[in-house]
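The listed protein sequences correspond, in order, to chains A and B.
For the numbering used here, add 49 to where a residue sits in the first sequence, where the first one is 1.
For the numbering used here, add 12 to where a residue sits in the second sequence, where the first one is 1.
Because the hints were derived from the structure by calculation, they are not lab data.
A couple of the hints might just be wrong.
Selected chain B positions facing chain A (in silico; Cβ < 10 Å) [to be verified]: (1) Lys16; (2) Leu102; (3) Glu116; (4) Asn158.
With the C-beta cut set under 7 Å, the calculated list includes, among others, these residues of chain B facing chain A [said to hold, decoys possible]: (5) Ile137; (6) Ala140; (7) Arg141; (8) Ala144; (9) Lys154.
The calculated label-pair distances, taken between Cβ atoms and stated as ranges, are [what the hints assert, rightly or not]: (10) A:Ala137 - B:Ala290: 47 to 57 Å; (11) B:His255 - A:Ala137: 33 to 43 Å; (12) A:Arg131 - B:Asp246: 54 to 64 Å; (13) A:Glu94 - B:Gly166: 16 to 26 Å; (14) B:Arg207 - A:Ala137: 36 to 46 Å; (15) A:Ala137 - B:Val217: 37 to 47 Å.
Only a predicted model underlies this, so the values are computations on that prediction, with no experimental measurement involved.
Backbone N, C-alpha and C fix where the C-beta goes; we use that ideal spot for every residue, glycine too.
For reference, the chains in residue letters:
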Amino acid sequence: MSTGADSAREGPRIIVLCIGNPDRGDDAVGRAVARALRALLADVEIIEEEGEATRVLARLDGADAAYIVDACVSGAEPGDIRRFDASAGPLPRAAFGASTHGFGLAEALELARALGALPSRCVVYAIEGGTFEIGAPMSPAVAAAVDIVAGRLRTDILGK
Amino acid sequence: MIVKTIKVDQLARVEGEGALKVVARDGVVQSAELNIFEPPRFFEAFLRDRMYSEAPDITARICGICPVAYQMSAIHAMENALGVVVDGPLRDLRRLLYCGEWIESHTLHVYMLHAPDFLGYAGAIEMARDHADIVRRGLNLKKAGNAIIALLGGREIHPINVRVGGFYRAPRRRELQPLAEELKRARDGALATVRWTSGFDFPDVARDYEFVALRGEREYPFNQGRIVSSRGLDIAAAEYDEHFEESHVEHSTALHAHIKARGAYLTGPLARYALNAASLSPIAREAARDAGLGPVCANPFRSIIVRSVEVLYACDEALRIIDDYQEPERPAVEIEPRVGTGYAATEAPRGMLYHRYRLNADGKIADARIVPPTSQNQPSIEEDLKTFANAWLDLPDDALRHRCEQTIRNHDPCISCATHFLRLDVDRGG
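So that you can see chain A by itself, here it is in the shape it has in the complex:
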């Protein structure tokens, strides 16, 4: 039997935060994953952001689980996909520090951790970018990663 309060309570709040600039070469990859994922997952909150740290922080507020997608630069091959469990420890900051405002995703997550506001489940998909030219399209290797990451997120979230 459930009380009125129970029936009004929602399940865990899951967000997918897709970060990037759609007009800056491979930085668009997070945004492209958002679009691919919307076609796969109708009921999940999919959010697009440009990556400013305090806004990322605000988006994490109240989430029980957060899945984050962003481009990164670490010297790997463009299109390489890596998965980090940010709830277990910090991201490699050098790879995610590419924000023009000095605060990148790694800083945003560490700030959330310091404030006790990091969701208990926080998974980051990093897709290695090759070109970040203004106005350039995504490179083919990075574009090919979009559907793969969207599929893995679907499996992460739905468990199948």
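Given chain A, work out where chain B should sit, using these hints.
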């Protein structure tokens, strides 16, 4: 001869990417260079041949932190060229939007970029580990600024609801009420911010700046006013080019601006405060007095207090505007294209921003000129370094480097805004 060179290859905690080089010989600083190496961004060239109505949305993209300043300067310059005056509730809504930007941008700088310098932390993350409640207060304050911009601008960054002549849609009175509740809490947070920053330990330094800011009639300046200085300049925006000039320097892709008759000058919170303190609202004036600011503050390290006072003012002014707001009959006034040149200066959070446009009869932009605050402040920032660093040369290198970085952060330079491009004339012969 003892030569000491301090190099910072990447300046941390400023907007955009830059570097610093200070050279001293025998205990005297010989040169200080703020090196801006972000690529030029060609905005003035992008604007040519676009319609006058596109300028606000294009120029907003210059900055993700102060898009409203770019939009407002472009809009006022276009209205100046087209002979349009926007008054009443629409003018008030523009002030409200500008309040949102000041709250958002200043709070980000005060809490995330500048305060760690005074409290001995490498950055905001380290500060948050020890002062989580304070950082949360800053984030909540910033959110109130975002909320204003989201409501009036249609979204939180790069607002899309403003246009030459007014807005695409004006808000209803009832839509502003929830905002007022958030702003009352923000005003409390802003007052606490002034008290907090005024307790920091500041180096006891000052410089004899020529302060330049807008001065409005009986109001602290956002969108409008005459360009005045602490050494007697008093001109309309249309006269800017007669009194100010920009020059290229070898070490920077940002142009350096000077007053033709005298040289370096400072724009931004210290200048606005020195030239307009009497126009602050009573609560902001009282907070400034209690913080020990006096009528003029010439210590750039204390700019964090002035910035906090301006956040308090912006919260208070936003509440006043919401309280007085009457819904306008129309969201915008009619515009007819015509040939003309328009000028405007507004007060971006980090200082005065000047735009000039020449329009063709069909409303297309023939020529655009944009002078951002960081270009104007760059010579003063370098003079700060030259003046102050002499006393710090005996510090260990890490401490000296930190002081120099802090000296730059005092002025909240937006390096990405400042990247400019000189007119390029290619002589191919024949």
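Against the structure, the hints come out as follows:
{"no.": "1", "hint": "Lys16", "result": "violated, 27 Å"}
{"no.": "2", "hint": "Leu102", "result": "violated, 28 Å"}
{"no.": "3", "hint": "Glu116", "result": "holds, 9 Å"}
{"no.": "4", "hint": "Asn158", "result": "holds, 8 Å"}
{"no.": "5", "hint": "Ile137", "result": "holds, 5 Å"}
{"no.": "6", "hint": "Ala140", "result": "holds, 4 Å"}
{"no.": "7", "hint": "Arg141", "result": "holds, 5 Å"}
{"no.": "8", "hint": "Ala144", "result": "holds, 5 Å"}
{"no.": "9", "hint": "Lys154", "result": "holds, 6 Å"}
{"no.": "10", "hint": "A:Ala137 - B:Ala290: 47 to 57 Å", "result": "holds, 56 Å"}
{"no.": "11", "hint": "B:His255 - A:Ala137: 33 to 43 Å", "result": "violated, 59 Å"}
{"no.": "12", "hint": "A:Arg131 - B:Asp246: 54 to 64 Å", "result": "holds, 59 Å"}
{"no.": "13", "hint": "A:Glu94 - B:Gly166: 16 to 26 Å", "result": "holds, 21 Å"}
{"no.": "14", "hint": "B:Arg207 - A:Ala137: 36 to 46 Å", "result": "holds, 39 Å"}
{"no.": "15", "hint": "A:Ala137 - B:Val217: 37 to 47 Å", "result": "holds, 46 Å"}
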